[in-house]
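All chains should be built: construct the whole structure from the sequences, respecting the hints.
Below are the chains, spelled out letter by letter.
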Amino acid sequence: MSIRKTLKRSLTALTIGAALTVSAIASAEETIKVGVLHSLSGTMAISETTLKDTVLMLIEEQNKKGGVLGKKLEAVVKDPASDWPLFAEKARELLEKDKVAATFGCWTSVSRKSVLPVYEELNGLLFYPVQYEGEESSKNVFYTGAAPNTQAIPAVDYLMKDLEVKRWVLAGTDYVYPRTTNKILEAYLKSKGVEEKDIMINYTPFGHSDWQSIVSDVKKFGSEGKKTAVVSTINGDANVPFYKELGNQGISAEDIPVVAFSVGEEELSGIDTKPLVGHLAAWNYFMSVEDEKNAAFIKSWKTFIKDDKRVTNDPMEATVIGFNLWVQAVEKAGSTDPDKVEKAIIGLETPNMTGGIAKMLPNHHITKPVLIGEIQEDGQFETVWQTEKEVPGDAWSDFLESSKVVIADWTGKETGGKPCGNYNTTTKKCSGQNFE
Amino acid sequence: MSYRTFDATKHLRTIVLTAFFSVIANTTVWAEATSDIDETTTTAPVQTPNNSISEISTPSSSDQEKTDSVEENSVSDTTKTIPPSEDVFAVATSLLTEKSFKKKEQAIDLLINSNDERAKQWLAVMLKGKLYYHKQDKFIAFVQGSKITQAANNEVLENTTKKAFKKVTINNKLRKLIKAGIAKLSLSSPDPETRLKSVNTMLGNITPESAEILAKLADNEKDKKVRKAMLLGMAMSTLNTGTKEQQLQAIKDVSGSLHASARSRLSDLKNSDDKDISAAAIKALEKIETKVKMYGHAETLFFGLSLGSVLVLAAIGLAITFGVMGVINMAHGELIMLGAYTTYIVQQLMPKYIDYSLFVAIPLAFIVSGIVGILIERTVIRHLYGRPLETLLATFGISLILQQLVRTVISPQNVPVSNPSWMSGALEVNSILSLTYNRLYIILFCLLVFAALFYIMRNSSLGLQVRAVSQNRNMARAMGVRSARVDALTFGLGSGIAGVAGVALSQLTNVGPNLGQAYIIDSFMVVVFGGVGNLWGTLVAGLSLGVINKVMEPWAGAVLAKILVLIFIILFIQKRPRGLFPQKGRAAGD
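Which chain is which? The protein sequence lines are E and L, in order.
Those letters in the first sequence? Residues 1 to 436, by this note's numbering.
Those letters in the second sequence? Residues 1001 to 1590, by this note's numbering.
Keep in mind that the hints were calculated from the coordinates and are not lab data.
Some clues are possibly wrong.
What the hints assert, rightly or not - Some chain E residues flagged as far from chain L (calculated, every beta-carbon gap over 12 Å):
| no. | residue |
| --- | --- |
| 1 | Glu61 |
| 2 | Pro117 |
| 3 | Thr303 |
| 4 | Phe304 |
| 5 | Ala333 |
As the list claims (entries may be wrong) - Simulated crosslink set (DSSO-like; lysine-lysine; CA at most 27 Å straight-line):
| no. | chain 1 | residue 1 | chain 2 | residue 2 |
| --- | --- | --- | --- | --- |
| 6 | E | Lys274 | L | Lys1167 |
| 7 | L | Lys1128 | L | Lys1179 |
| 8 | E | Lys309 | L | Lys1163 |
| 9 | E | Lys274 | L | Lys1275 |
Predicted, not measured: the structure shown is a model, and the values here were computed from it.
Beta carbons are placed, not taken as given, at the ideal position from N, Cα and C, and that holds for glycine.
Laid out in structure tokens, this is it:
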């Protein structure tokens, strides 16, 4: 009796199990897998969790519209835990084990550089949504964030022309992005006739909190009779004590404006913004931009995240643009094959959220408008200046001696017929995908 | 039990070394990556110390020209047709409702030149971002929370909501203009402080016109300070415009001033064609430079002491738990973090009384961190006495647990902690040297905490028992000291002090789950450098490390300064493993 019962039970269990496996296989065949490679723990979690949620929201919306190529999208979320080598490991998992069609992920250039060889080796597609220092163009990566010429250079132009700034403090956190960006900016400023003695460069460690002497130096530097501005590539939460110290030492935005490249709505949402009012930030998108697309996006984001206080920011917009371009490219190519998608995506256009068009260029960067905003008391930005039309992103800076002759063109038109990410126009040689 | 201290010191050397090498490793990685970057990047150019800009706008030649021309325009405008003041407000209203900043600029000029008391109110409200206009009816209103007042007649509007209004947005240029305007309008304010502030604001870009205004007012000015500032302003204007004799006199008058724009004007005169003038200007500048340099040194010392006091505050709790008890408590940083979070919660609970929140937070943070400390001691550390390595691992685990707890319960993001109003701003000694209040209070607070702790250890019975147990546990027990209870209380005391330090740190740095990690290495460094088991050592070590760091920072950069300090400490503990003030006698072990 009992044996029969057990048998019966195990049989049922088996059948159910088998059925489940079959359905699992069936559903796996029907979906297109999309990788999400953003840190959900560690220091970068603060910023990256939002982007993971953005991709999940986009996938949900796309599935409501019927998916892509008649198949549903399925997100595969990996947590690289703000650990750069782990990024490469997780990327390999996504490509080899999960066989994702495309990956949306990474934040900071270190993490991107860490996964880059993996994507090139296994021929995957990565959409990188954050501003970066340029000097790179890979066949397998699409850079939907800003390059220096779509963020830093226009911001400096604004300061120079509209605010008539004559002396420059380039302050940054000590890592690759600020170092390279400042190198480009320094070269750019010098090309505009700014003298060596009118440029002060300063680097601080991650999470620096004792800003007294640096702010005091800036104050001295700024009180020599010429209009001074700070161009800040200070990263993450080190910004808060920096602005606080500026306020305490009585430097207001009218005296010495600070234009930041890494301070957005998300970073401002957690802090007391009073000492920051009037300081500037340069981005390609602000939550405060009045545009129908933007309003709809903010609304759907707040509904999806179930929190009316959550803000949107620039890397989120870049993620949306990247996602929309990928969906279009897959539909155009009729396949998720990386090579076909890569060919199809170049030249595609999608509306951005500031009333313009984002176009994927042959160098895998996109066109972006540049906006300068002043920080308001409510943690939002008030746009005070913007470029007339979108600026095409430039992979290799025109202001560095070593890279001004280098171009990237993955269609091969400009690079002698062969697609190349690093083509030297004087020697007419393609030296691989990376510069050095 | 004394061997514990000995062991602990040895392990600490390893910790400091490891920390050092991790810093080195990080920096060398990019150093290789960016080796082609100019050498200048690591050294901040040492600029001649200069004037303070607190409350004074920075002068800039180009700006000056701009405001000059603006003022000239508006002056001529107003002399042509002086509109009745009602008209001024009507025109200003129509201009302010436009989106263009140029139009708003015109409106602000009109308001400034109206010389109307109400214009000052308009400008002040606009500066605060509380000036709104009705979207349809295009009238200006002041919005304070939910109270909306029509600007024209000060009538409180009941049947309307904020949604019907749009803010009059301003940018930096307008803000500067408004500030100068308010200064001009409040030159005749009855309050001498306000007058002084206004004059100082005007000194930033003095023009012949504004000097004329000052000259008129100076005759009737009774307050000495204000009068002096006004005369300085007049002299500064004469520097550029007067005859040779007047100019020479003006150089003399200005040479005592530390004001930034005085100096930039003087350095313009250095290249004057007239030899007498250029010589006088150079002499005056030299005189100023010596003073500036002196105040520069004072400033560095202040910065160093303030950084040092932060180090002392973070380390002093550890000086008790590690120094006296010999427990390597890796969760010390998290106890600091708990104190900072207590401040945050107190501020959330009493949002209207931010100014008093710290007085509530300090005792509360002491209790919270103290209780957590006692719990840790009773449940974990008690079982591990005499096994420093296991203690290290266990407390490291606890630190991770506490961090994750905060992440899950409160938020993984940093939380905002506001500064009370009495802690913001700076105490201006003169226009070069200004000491920020938050740093000043923290130095005082650090000394206070140290004094209190010192008193407890020296003069209370708990202190006596703690010292007895730490020197010879068995003997103390034989004398009737309940050593287990003393251990718990001592650990609680050290942890509580860490919590109090957290309150102070919450005013300076970000409050987030990682707050503690940022301070743990520094704390151990201070305690080891000062000499384990010695409170004085902690104080001296903390303050001197702070000063050393700040002295080196201007020429070595923040990153390198930190590395150099670590190298210095490594060399120091190689030479003197027991720190600055080693314990003497039997307690010292071996």
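Hint check:
| no. | hint | result |
| --- | --- | --- |
| 1 | Glu61 | holds, 26 Å |
| 2 | Pro117 | holds, 16 Å |
| 3 | Thr303 | holds, 21 Å |
| 4 | Phe304 | holds, 19 Å |
| 5 | Ala333 | holds, 37 Å |
| 6 | E/Lys274 <-> L/Lys1167 | holds, 17 Å |
| 7 | L/Lys1128 <-> L/Lys1179 | holds, 11 Å |
| 8 | E/Lys309 <-> L/Lys1163 | holds, 18 Å |
| 9 | E/Lys274 <-> L/Lys1275 | violated, 49 Å |
Violated hints amount to a single one, hint 9; each of the other numbered hints is respected by the structure.
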